[in-house]
Each structure stands twice: as structure tokens, then as C-alpha cells.
Amino acid sequence: MTATGPIEAQEWPERLTAHVVTPGDDPRVHGYSIESDLARNYRTTDAILLALTGELPSESDGAAFEIAMHFLSATSIAEAPAHAAALARICAATTSAVLATAAICAAEQARFLVEGHDAWLRWIASPTPEIPECARDTPLVHRDSVTRLVECLSAKGISFRELTLGITREAALLAVLQRTGLRSSEQLQAAIVSARLPIAAAEALRVAPTSFREYPMRLPDFVYEADQ
Amino acid sequence: MKKLELATRVCRAGWDEHEYRGLRLFRDLAGKETLTGMFGLAVTGVRLSPELRGFLDDLSTVVGPPDPRIWPPKTTRLASAYGRALPAVAVGALVFESRDVGPMTCKDAADFFMALSDVVGDQLGDSAVVEAATLELLTRFKRVAGFGVHFRPVDERLVALRKCIERRGLDKGRYWLLFDGAAAAIRKAKRIEPNFASAISAVMLDLGVMPDKLGLLVFAIVQHVQMANCVEGAEQAPEILRRLPDEYIEYVGAPPRRSPRFDGV
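Residue numbers (the numbering used here), protein chains in the order written: chain A, 1 to 228; chain B, 1 to 265.
If you're looking for bench data, these hints aren't it; they were derived computationally from the structure.
Ideal Cβ positions, reconstructed from N, Cα and C, are used throughout, including at glycine.
Among these hints, one or two may not hold up.
[What the hints assert, rightly or not] Derived EDC-like pairs: lysine to aspartate or glutamate, alpha-carbon spacing no greater than 16 angstroms straight-line: (1) B:163 with B:58; (2) B:74 with B:235; (3) B:3 with A:221; (4) B:163 with B:180; (5) B:2 with A:186; (6) B:163 with B:57.
[Unchecked claim] The calculated label-pair distances, taken between Cβ atoms and stated as ranges, are: (7) B:187 with A:184: 47 to 57 angstroms; (8) B:42 with A:8: 36 to 46 angstroms; (9) A:161 with B:35: 42 to 52 angstroms; (10) A:164 with B:42: 30 to 40 angstroms; (11) B:117 with A:221: 38 to 48 angstroms; (12) A:74 with B:69: 40 to 50 angstroms; (13) B:237 with A:39: 43 to 53 angstroms.
If we strip away everything but chain B, and leave its shape as in the complex, we get:
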């Protein structure tokens, strides 16, 4: 039989040391790299800069909120209702396989900012150019991920994240400035506020993360948002989540009917 082979740049297990992402796991990383850095290495294949690592640490604290009434955390409550946390972790991850909700929306937002950057070119300092380019791209992209805030006037996470970004001096980058310009244009034209996915995307583009890695990296950093509900959900394993009482269900489907083969019993 022909030997089947695949290339990997992830890992090769050795006897007393393991190669990982071009590094030695124990020699280069053990006791030296942070959890955030390890997530970054896993997703991007390279070690994160201190600036990006710091930003992701900030991001991990402003993400959420993991209120169990909110749709994604609620899925973990249902999956953990039978007393196990790990299935809920899996469910809590899969719910974010979405282009409308959660970390993966950052990729689409990043694509928008990269297109905007191309159109704006070297006229970033001209707010009228940024505004015109934004409005032109809105017709091309139809829907821009990272804009729109549900059920509240502004995204409070973005307000908190902006302070962190300014504190770290990350508010001078090209994509951050494009984000600010686009946000102003979209607010003016559509009365739509940015949410923090667009801000995250802009900063991460400034810090060198490519769009195709962006969503997964954000997901990796914010997993804890789901985890708290997985843990408490499994501990509670509440009967009412395993099956809601019938009176809380409203059936709107087809009315009772008999099939052509119904025999009258």
C-alpha cells in the first residue's frame, strides 16, 4: 500500500521534548508563555506580540456578558441540563459557527476594513474621502458585520474596550482610524452604531492578524464566557430546562388532522 501522508505545522511528539509550531514546547514555551500567547500561537502559528497579547487580555475581560438568558450562553444551559459540562462547552462553541453572532463576525468586519483601506488609499486623513468610501462599500457589502447594536443605544462593551485601546495606545493605527471614520459615516447615513466586533477587527488588523485567523483567535480568547454557564448549568442540572412545562409552549403549526391511512382507532 502507498503510504498516506499529510503535512503538519502543529506538532511532532518526541521522547523528552516536543516540537510545536516551530518551537520547542518545554525549552521555549514552558514557564515563559502566557495562556493568551498559547492560544495565539495555536491559531496564528506564530507567537503574539506583547501588544496583541495585551489587547487580547483586555478583550477577554470586556467580552460577554455571559448572562444565561442571552441566546449563546442559554444553549450551554440546555446542553448542561443533564449534568455534564463538556457537552455544553462543545455546544457553546458550535453556536458561534455563525456569520451573524459571535466572534466569527469579526472576519467579515475585517474584510470590510481591508476593502475600505484599499479604496481610501493614502487619503486616510481626509474624513470626506473615508465617508464617501464607506458609503460606496456599503452598497457592495450589503451588510457590514460589526455594525448594529441590539436592544440598547450603544454597545457598552465597545465603550469599555475603547478605553483599553486608548490606554494601550492602539488608537493610532490605520485600521482603527478607518473604523472611527466608518463608524461616523454609518452613524450619520444609517443611524447604526458600531458594535465591538468591528473595533476588535480594526485593532487586530493593525496588530497584524489576518482576517481568516481573526474570528478563531477571538473565539479562543473568549471561550470563558460560555464556560461559566457550562459549569453552573451542569451543577444545577435543572429539571425545568430538560423539559419546559407544556403551558410554556405555544404551538403554531398545522392543526390536528388525520392521515389518509388513519384507521379510525
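With the rest of the complex left out, here is chain A:
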């Protein structure tokens, strides 16, 4: 056997490519200094939008994105990211493992949400008379929340026609994200995880490690069915 293989036989780049952040002690995001420009003049949500789109948002896009991120952030213990992270905490997993559990589940939750609204996202880009079923709020269970979203946006002088079409809360939030420049599935998923991770983590970190007796073991109850 030789001491070389396919890896040695190829030419490879010698350096790792950075597309967003400059290395070094004065980091820049897409060219803007974080420490002497962005940190002084922009919201964190503006910086997230900048990171994901490559450009600083307009005043209205930044405001709409911030509102959408607020609405998206509230992931309760009822939802899998916080629930799974809380279980990791009960198991006395390290804080990093609890956070990683929340992050993985939040990323899966975001993927599921975005994939499930593919037809809606395409509809926004190219509307037709009929709203895709995945976006329709029937019965109108999300109307109040969407109304609050519309009011928040309206207070900033922002309105999106899609939000008045009787759509679900999730469809409305995806529409706002897309309107602020997040066009791709990847961008949308990244923004949603950014919004949800802190609160999912916070909920989990309030749980006492090894508090096994306080956890509802039978919620839901798994009923075993032998199939062999």
C-alpha cells in the first residue's frame, strides 16, 4: 500500500473562503464594520437581515422584519424545540447540549414550516386568483393574531396585501419575511431559527436538571402495539 491516496493526488485550495464576515479583529459583515457601524446604528434584526440578504434593509423592511421576528419568537413549551430541550435539561444534559437540542428541533421545525408552505411562497411571487390551501385560514382560527400583525405593521406605515386575504398566522409571517427580502427557503429557515432559538432555550433552561418526577411522562401516552 502506498503512503499517498486520492487526497494527495489532487490540487486543493490552501485557504478557506469567507463570503460574509471578514476574519480579523475588526469583523465586517458584507463590508460593514460591526463594531464601529452596525453596532452603533442598527438593530440586531437589521444585522440578521443584512447577513442573510447581503444588503442593509430599508427602514420599512427592517421594521417589518423586526415585527415578524417578534411574532415568530414565541415558541412555547408545547412546541417540539422547547419541549425536547426541556427533556434534555431534565436529563441533566450540559447547557451546550440543551441549546443544541433546541437548535436542531428549531431547524427541523423551520424546514417543515417552509416546505409546507412552498405553494404559498410561490403564490406570493406570482399570485393567482386562488390562494393555496396551505395558507388558507379556514376556519378563521388565526384571524386575531394576523390582525395584530397587521396593526403592528400599520403602526410603522407598512401594509402587505397578502395579509388581508384570510391566511394563517404562519402564512402571514412567511409573507412578511419574503417581502423583506428573504426569497429562498434557506434564508427563511435561517431567519425563523434565529427568531425562535432564544426563547426555546430560555424555556428549557428554566427546568431543573433531574426533575424527573415533575415531567408528565404520559403526555401523550404511548400505547404499545406488538406487531410480531
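Following the hints, put chain B in place on chain A, whose structure we already have.
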């Protein structure tokens, strides 16, 4: 409140015995089943045949290589750079949530062979039919998982696995023969060699594994490929992987610029 329930066919914990996949864990499995068999039971829900178990054992030895310079193992080196192995195991698993790299590609390859089997029907012995059917399906599938070998002329893992398959007499099955026929057709038409994912898929289809279980079963068997790097990575916890020196980074993004709100400080 209405009681919330879900069905499970995995397990029910008892006092002194546990039901698992329709079996009794201690009575039926303890001291009797192998690690490979337990992985198979976990993924497929049924006990593996000795033939499939043996094939998976062979597979576990030819998979890889876990050279830490290769992309998937490298992720575990980065995740373990802070001194813990288990986060790297999780990262090493997630990197395979991919339809282009790793065990999950076997599902797509299996789908191709099942479609090929339908088209070929009872004319498996006619190489011209297999060739024509393969080429027809290539247009339908656009990209066939399990074909294409990066940076080397042939997949050395497939060469090694083929010997194991022949040694076990698993080279007579319908899907294996379809694999061989398709490989010849694709080699002739596209000059593309098969990689071992397509061979794995063919043998496992012959051994009765359904495509939707195939990728996870292969993943379960080959986890050790990532594990070695998780362990050594955590032991080394090297500074240079936590942060590469700046001179090894090439920035190609937007040039330095000032925002409209920049106040000149």
C-alpha cells in the same frame, strides 16, 4: 381533559422484562442477538435474516474511509474541537441528512433499481433490454444516486464490497443483476462508474429491505466511521480547529463600506 395517545411499536417498559418490537428484550434478545441485528431490528422493526446481518457486517468494514480530511468526518473534528465527543456524534449524524452524500443516498438508488425492475420485467436475462431500460430511466430520474466516483477512477469500497458479496453468494439476486446491468449501461453511455451506494441498495433490496428503511439502516451500521474522529477529536481538542489563523481565510465578499447611518467615528 381528553387523554392524548399515540401508538408505538417500539417498546413498553415493564417491571422485570420489556417488550421491544414484538419481542421480549431479555427472553428473546439478551445474549442472543448481535449489535448489527439490534440495529436492524430498531430500523426495520423485524429481526434481520442471517444473510442480511452478515452483509451489513461486511459493509461496516468496507465503509469509509474516515480520513479526517474528508468532508463528513471533518465536521466531527470541528464539533469536537472544544473537547467533547458526543456533540460531534450528533453533528456527524446530521451531516448525512443529505441526498447527495452518505447513507441516505441509498434510498434514491433503491428507488431507481425498483423502477428499473418494473421496466425490465421478466427480461432480466436480456442485457440489451436492461441497457435500454436504464437509459430510458436516466432521462426520468435526471440524476441517479449511487453513480459517480469523485477524485478516483473507481470506488475502491465497491471493489472490496463486491468480493464480500460474491463470497456470500449474494451476487445472484434480481437487483444485483440489475445493478450490474445498469452499471454497464451507464458506464458505456456516460462514462460514469457506480459507487458503492448503488451496490449496497441492490443487495439490500434483494435481501428484502424496503427503500424507505435502507438509508437509515446503512447509517446505523456505519456510525463508527464518524465515531473514531469524534473520539480522537475530543481528545486532541486542537486550538487550530477552534479558529483557523486569519491568513488561512480568503474573504471574497463585499468590500469595506459604510452604512448610510455611519457617523464618521
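Hints versus structure:
no.	hint	result
1	B:163 with B:58	holds, 10 angstroms
2	B:74 with B:235	holds, 15 angstroms
3	B:3 with A:221	holds, 8 angstroms
4	B:163 with B:180	holds, 14 angstroms
5	B:2 with A:186	violated, 38 angstroms
6	B:163 with B:57	holds, 14 angstroms
7	B:187 with A:184: 47 to 57 angstroms	violated, 36 angstroms
8	B:42 with A:8: 36 to 46 angstroms	holds, 39 angstroms
9	A:161 with B:35: 42 to 52 angstroms	violated, 59 angstroms
10	A:164 with B:42: 30 to 40 angstroms	violated, 50 angstroms
11	B:117 with A:221: 38 to 48 angstroms	holds, 42 angstroms
12	A:74 with B:69: 40 to 50 angstroms	holds, 43 angstroms
13	B:237 with A:39: 43 to 53 angstroms	violated, 31 angstroms
In summary, the structure is inconsistent with hints 5, 7, 9, 10 and 13 from the numbered list given earlier, while agreeing with the others.
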